[in-house]
Amino acid sequence: MKLTKEQVLHVARLASLSLTPEEEAHFAGELSGILDYVETLNRLELPPPGLHVSEDMSEPTPLAADMPRPSIPTEEALSNAPDHSGSFFRVPRILEEGR
Amino acid sequence: MSAPFTTLESFRKGRDERAFSIEDAVRYYLDRIEGIDRALGAYLTVNPNALNRARQLDNRLARNPANSPFYGYPVAIKDNMNVLGLPTTCASRMLANFRPIENATVVERLLKAGAVILGKTNMDEFAMGSSTENSSMGVTRNPWDTGRVPGGSSGGSAVSVAAGLAPLSLGSDTGGSIRQPAAFCGVLGLKPTYGRVSRYGLVAFSSSLDQIGPFSRCAEDALELTVLVSGPDGRDMTVRDRDPQEMVREFEGSVRGMTIGIPEEFFGDGLDPEVAASLERAREVWSAEGAVFRPIRLPSASFGVNVYYLIATSEAASNLSRYDGIRYGYRSLSSGNLKDLYQNSRREGFGPEVKRRILLGTFALSAGYQDQYYRKAQQVQSLIREEFDRAFHEVDLVFAPTTPTPPFRFGEKLDDPLAMYLSDIYTISANLAGLPALSTPSWPTPSGLPVGAQLIGPAWSEGRLLRAARVLEEAVGFRTPPVSVQTAGGKVS
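These protein sequence lines are chains A and B, in that order. If you count by the numbering used here, then the first sequence holds residues 1 to 99, one letter each, in order. If you count by the numbering used here, then the second sequence holds residues 1 to 493, one letter each, in order.
Since the hints were derived computationally from the structure, they do not count as laboratory data. Relax, there's no trap hidden among the hints.
Listed next, the stretches of chain B that the computed footprint assigns to chain A, with coverage defined by at least 3 CB atoms under 8 Å from CB atoms of chain A:
no., segment
1, 98 to 107
2, 226 to 239
3, 311 to 324
4, 343 to 356
5, 456 to 464
Computed list of lysine-lysine pairs in DSS-like fashion (alpha-carbon distance at most 25 Å, straight line):
no., chain 1, residue 1, chain 2, residue 2
6, A, Lys2, B, Lys355
7, B, Lys413, B, Lys355
8, A, Lys5, B, Lys339
9, B, Lys339, B, Lys355
Here's a subset of chain B near chain A, in silico, CB distances under 10 Å, partners left out:
no., residue
10, Pro299
11, Ala364
12, Tyr373
13, Glu386
Please read these numbers as outputs of a predicted model, since none were measured by experiment. No residue lacks a Cβ here, since even glycine has one placed at the ideal position from N, Cα and C.
If we strip away everything but chain A, and leave its shape as in the complex, we get (with noise of 0.2 Å):
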């Protein structure tokens, strides 16, 4: 399949991810190569869809107890944050000044 720019772009918005002019391009050539092999897939004859359960792995996932853990404290939540202020994460403004 060949990808346009335009869909790369697309899909870099879906992603948010800002390319350069540049990377769009490269990246558009570069996944159309990708997916054009990954398209040999379609030559196979396929099983009814859903994922197969392999031999030996087909108890069920145990579930978690559903018990009450103390959560991070706040420190230290807060301790890898890029900007932070008080007990809050701080980011750039949202609503415009007024509403």
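Put chain B on the given structure of chain A with help from the hints.
Chain B alone, transformed into the frame defined by chain A:
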């Protein structure tokens, strides 16, 4: 100075007979790292508290006998697993300043047993790559030929054990990231069964495929480390409650009477003739020890790379959406509003391979394309699993190459992502099927480059895999690369 010990067992003996102190043992590795690692680049961070901890352990040992073979044992950790007191960078600008607030489960268990963490090892950014060239922190070189890559993504962990900069290390394997660098560096690398080891505290890449496992000089050490770190922790709910002693029991004995399958799809075109010749010798060793070989078919396995680059990128796109520049990680300074902050932080924080995979995964999951890509990939993944299930009705293990070629040169595949992806063609199917698999050293090529023999087993058969690996290991012997570097204190080799 030569190594005071080479394996867990010789360490335990020397430690308990007081042939050396834990401080001696740790200092030996720290000195070697200082002397040699500038040329190899295995470590990103050396633990500044390692010697202190060694002294504390020595003091405690004077009063109480050690209760674990790991008491005092030095171990290196891939830099995508959390160790309190050390950064977890994932070799990414995005996490360059990240300080974890707790230990990964595997690290917690090592520390509880008394191990000493030597440091954190280099890797491809976010574990995405097959050569460690995608690290944004620096180059790691193959100790057998410093013009060649160590493999990846756990390149630093493989080099640390190969070059004697750690006796044991941990890596993570999503599509071959333990086995491929193990093969390229001439050490043993094991990817356990999906559900054997908790990934709590491992930076998530592709959660349905990621698994943590050991690099070691011998099968027995890989077994001991896997036993130590396996089992439920109540945090990673994919972990099953299997008795780890099962592995120990299956490790005992020889390969006599074992049936080993040879999938013709793994030995066809594209396999380097020198690698093929080395593996033929390995097969003869197992044969001579009484194993029976039988051809099998795994026709869909060769589509593993296609499936992997849809499943793993889709999961990565989702997992890496958490890096938003708000709560932790890199934040771009050039952002007027929130949307720019997200987009610019991610643009400046992620390297090219990470962006490539995020874009591919986001595309594969985007409206209108899921059926064509993600869902189809899962169907082929089912085929691969069914073929392995059938194979293991006939054989005990599957024997395959780990890599199609010996280690390649720096830059050789860097501009061609597809060529790089194909260097994992033989390792990926075990991840897609959730099966345990290892790479153990076979004989080197005529020019002296390492070759890995891969064994894949049914779920929970790590003990059996390691038993067969030990038989080959006794025939091949552990080879030490010719690294020798001048240091202030004299020559270290």
